[in-house]
Amino acid sequence: MIYNLIQIPFRIALLPAPPDKVMLGFTIVDIACDVIFLVDMYIKYNHLIIIDKNGDEVVSLALIRSNYVHGQPFKIEACASLPLYYVGNYQVMTLCRLPRLLRSSQLSKYLRSFHTFVQEQTASAAVTEGLEFVKLFLTLVLASHLAAMGLFLISHAEHGDQHGDGASDVTDDVPSWYSHDFVIEQFHGSIGATYLRAFYWGLGLSSFDYMDIHVSKAGETLWFCVVALSGVVFIGVIIGQVCTAIFNANKVEMQLQNFAFYAKMKKLPGFMVRRAKLFFQFQLDCNKGMDAHEIFRDLPQCLRLELFKDLYANLLAPIPIFSMLSPAQLNAVAERLHSKLYLPGDDIIMEGDVGNALYIMKQGLGEKHLRTFQLIVAPVYEGSSFGEVAFFLAKRHSHGVRAVKCCEVLCLTKADWTSAWSSEVSLNFKVKMAMAVEKEDQLMERVTTALKGNFGVTGQASIKLTSMLGVKKRASLSDKHTIAGRRDSVPNYFEYIREVSRSGARKGPLLSQFAPTPRATIWHPGPPQQPSWMPHSLFRNVWDVIMLAVTTYYVTMVPFRASFVEFPQPAPYWIVIWFAAEYVLDVLSVADFVLRFQVFYVFAKGEMQTLPAVLRRHYRVHGPLISDIVALVPVEIFAIGLFSHTNSWKLVSLCRLNRILRLVHLPRLTHSLEHVLSRRKWFMANRTAFEYMMTFVAPFFIVCHWIACLWFYVSFASRSDGDTPSWLVTMGYLPLNMTMASTDDIPLGFSESTKFTSMNVYLASLYYAVSSLSSQSFGDVFSRNAVETWLTLGIILFSITFYGVLVGMLAEMMQDKLHPRASFEQHMVDVSTFFNYRLLPFDFFIQTSRFSRLQWQNHMGRTEDDFLSVLSTTIREDIAMFVKQNVVKNLRFLLECEEVFVRALVTKLRTEQFIHADVIYQFGDVGRTLYFVDVGSVSLVSATTGVQTRNHNEFFGGVALFEDVGRTVTAIANVECTMFLLYHDDFDKLVDRFPEYFDRCYKQWCVRDEDPIQKMYIPPRRNIIQHNGSTKFH
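For what it's worth, UniProt numbering labels the leading residue of the sequence shown as 1, then goes sequentially.
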């Protein structure tokens, strides 16, 4: 199809009467294509299995034939394969091939099929995105080809067969574009030169570039408009495709930026921000921020089972507790597994917590420990299950499990386990599983009790019980080495809050005092880490900034010197000094290569890699090893020895262009610069400008700089023949008869008296490059010979891609910055429209508008869940403990509770804001919510007791949490307030998990709103109902 689409219009327009041998070749290929078409129709008619509307395969030959014959494709293919053969006039023979072009309507379908086939074979995102660009480029080239042939046909019909002397078989005072085109004249009207210029016109017009070929007749003008409008649509499709690809590829980066905004707003401590960033890095490394359940939620049940069987069934089969399950039952369990990520030191299971989930270590390393006695009792390797005792025996966890390295853990909740079976099967499994884990529980309890007695453990001690518990070690090489990034250096914020609250008005302790003290461990610590080699250390940041300057020099000055600087003989001192300074930069580049190859630490596979062998392997597999080696090869040394050149300095300058390959480090070095600048207060207000410069302006300038250098160098070299013009000649920079020998010494700087200087010509070349890359050419600098025309075609094709990528990146950045604002403004418009339509009170509209604007100012229209939902449970609990610390400090009974309960409570509290004069609830309202005032004050108005005031760090509405009764007061916000809300459903789940804390909560919170906060209201005795092993309070 592509062959016919190219050669048939070409033969009709430019080659109506080819030579006999050429026509014989065309005929042989044409017949071969017709045979292929017939074979394709035969396969579809007799052998191609089809899928019916119900998704079933149809193998019946009669149904296959009937479906094909009555379908639209058969009609098109039959018309396209009509046997219109003629022997005689070559032009008529070519016209008989026109029906074959009908097959071109199926080209997009075949391209999609090929794209799908490649996706199934490779499953690579890079290959998929590359094929999208290939499809777009193929469409652009074919469209430009058709536009070029259409232009020539229309021009030939309107102007006739004009020649260089202006002779024509059609009386016309206006010459055609091809009769006086300078490139066609140079090649004496050859078919190749004519096609080159026509294709140049079609491609340039499709991309809004060059207008140096002018049309004059009505038909040509109309065709010009058709091609231009088609180009608008096509360029829009390209930019849209690129924007979508870039937007989908940067979701994790957007989540990180949103969290950075939240961290700045809440003034989170540095260690929390660092751990959150580490989590995002691990999430990107582990699963690219994608959740299988979310991605494949629309799949039918059978396909979901097959998918999760391939993902997890092989991991479940060797686990002893799942040995009694059949393959189908294993698949049902695999479908209900959810992946969770944990950082080193995160508590996967907390000692004393309720066993509501079963865990399987998919990736990483963990340890079982007794927190009270600082005992490490066993390791948890990949493929191990844990938490099964509390899960199947309905007990609390007798020991905790925490991550030693970054871990991916598969979690099976009790609700998912129950939903997988019928009640009878579930009861049967429960009995069998309980019997299986009972022995392990008894063994663990006996061993732990014996250890406590024998060793008299009261302080910090670490015991490894692998042999006693029958844990088979499956450690990899990396397990025996450094266990880095532990949570041991992270302060315990709960202990800090407890001590600050106890100290009262006295000077409280420092947060750093609550970092865990060093303890013995069962893990080999590995060699001591060098802080200077860590990512974002002071040395790494300074070094990256230096290498950023070196790399910027390479990508700008090296091509500039190779193209625009001519070296006089003998060379002056400044040339020698320039090259000597550049070789110093080469030494820095070699040092950078060595440091990154085996010294600088990298985060990979869930931990900080410090071993030189691992670093070398990582750099070889994931780093730019090949490009760095090629960039450091001294090509100029070999070139001087192998080639003779009249100007060795020019040869050396050209051979050093391989240094440009250091460009691959620019994104990472730019990120390091941003990290350094982010510590400055002024940077936050200018971050958007910085991102715009690094994302759009800098890449645009670099590529324009390269195009300018290439454009001048090729043009300057191609005008070596005095009879071949160039844009340098037509623009007046060079006389037509100037030879290469007379341009050995070109002045460098700008000059008004001497037009041909390096900077003058560079500025003109840069103007051409900018206009080419932005598709805004004004037609004053354009190609004047065949070489420049070919170069322009390549620049156009590259510009479409690169400019599309730049616009896509800019659109993605603006989408993240401006979309929330646009959504907010649209929301305000909707609110105003609704109030006007319903004729609601104006005061109510003012209150609603003020609340919406307050939400925008404080949170950019996002909720707390929007910022934190992607983080791990432990990090969310740490952040909630910091943000809601006033609740913990001022509710004295929480200071005596276990940390696991307090962490669970603060994560249940929902943040909500109220503006001045907001009615939080009215007398008689039914709402089972407890309010904690964090900022502001609230008036509780009662007809009997008057007005009570609840200030910050106080609460109200507690009775409704325990009794389903109406409100006895009206609560009104005195100022703009921030409150933490505890809903009854969340509280009910909390007391189900920790029933022993119900009485404490009841005594603390069950206070009537009309009573002072100090007085406790004692209600009638409550009923306790036992239901399915859980406790309900009414």
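The hints are simulated quantities; they were obtained by calculation from the structure and are not laboratory data.
Hints may be right or wrong, so weigh each one.
[To be verified] So the derived label-pair ranges between C-beta atoms look like this: (1) Leu299 - Val232: 18 to 26 Å; (2) Gln119 - Leu748: 23 to 31 Å; (3) Ser323 - Lys277: 52 to 60 Å; (4) Ser774 - Leu107: 49 to 57 Å; (5) Val232 - Val576: 48 to 56 Å; (6) Asp780 - Tyr553: 27 to 35 Å.
[Said to hold, decoys possible] Quick list of in silico lysine-lysine cross-link-like pairs, PhoX-like style, CA-CA up to 20 Å: (7) Lys414 - Lys340; (8) Lys362 - Lys340; (9) Lys1003 - Lys266; (10) Lys605 - Lys267; (11) Lys1003 - Lys989; (12) Lys432 - Lys414.
Every residue, glycine too, gets a C-beta built ideally from N, C-alpha and C.
Hints versus structure:
Between Leu299 and Val232 the beta carbons are some 38 Å apart, a value that contradicts the proposed interval 18 to 26 Å. Between Gln119 and Leu748 the C-beta distance comes to about 52 Å, which lies outside the given range of 23 to 31 Å. Hint check: Ser323 to Lys277, Cβ distance near 41 Å, so the stated range 52 to 60 Å is violated. Between Ser774 and Leu107 the Cβ separation comes to about 31 Å, which falls outside the hinted range of 49 to 57 Å.
Separated by about 54 Å at the C-beta atoms, Val232 and Val576 satisfy the suggested range of 48 to 56 Å. Hint check: Asp780 to Tyr553, Cβ distance near 32 Å, so the stated range 27 to 35 Å holds. A threshold of 20 Å between alpha carbons decides the hint, and for Lys414 with Lys340 the separation of about 16 Å falls inside it, so the pair holds. With a C-alpha separation of about 10 Å, the suggested pair Lys362 and Lys340 falls inside the 20 Å cut-off, and the hint holds.
This hinted pair does not check out: Lys1003 and Lys266 have alpha carbons roughly 31 Å apart, beyond 20 Å. Annotation: proposed proximity of Lys605 to Lys267 is violated, straight-line Cα distance about 31 Å (limit 20 Å). Distance restraint check for Lys1003 and Lys989: the Cα-Cα separation of roughly 19 Å lies within the 20 Å cut-off, and the hinted pair is therefore satisfied. Between Lys432 and Lys414, the direct Cα distance comes to roughly 16 Å. Compliance with the 20 Å bound is thereby established for this hinted pair.
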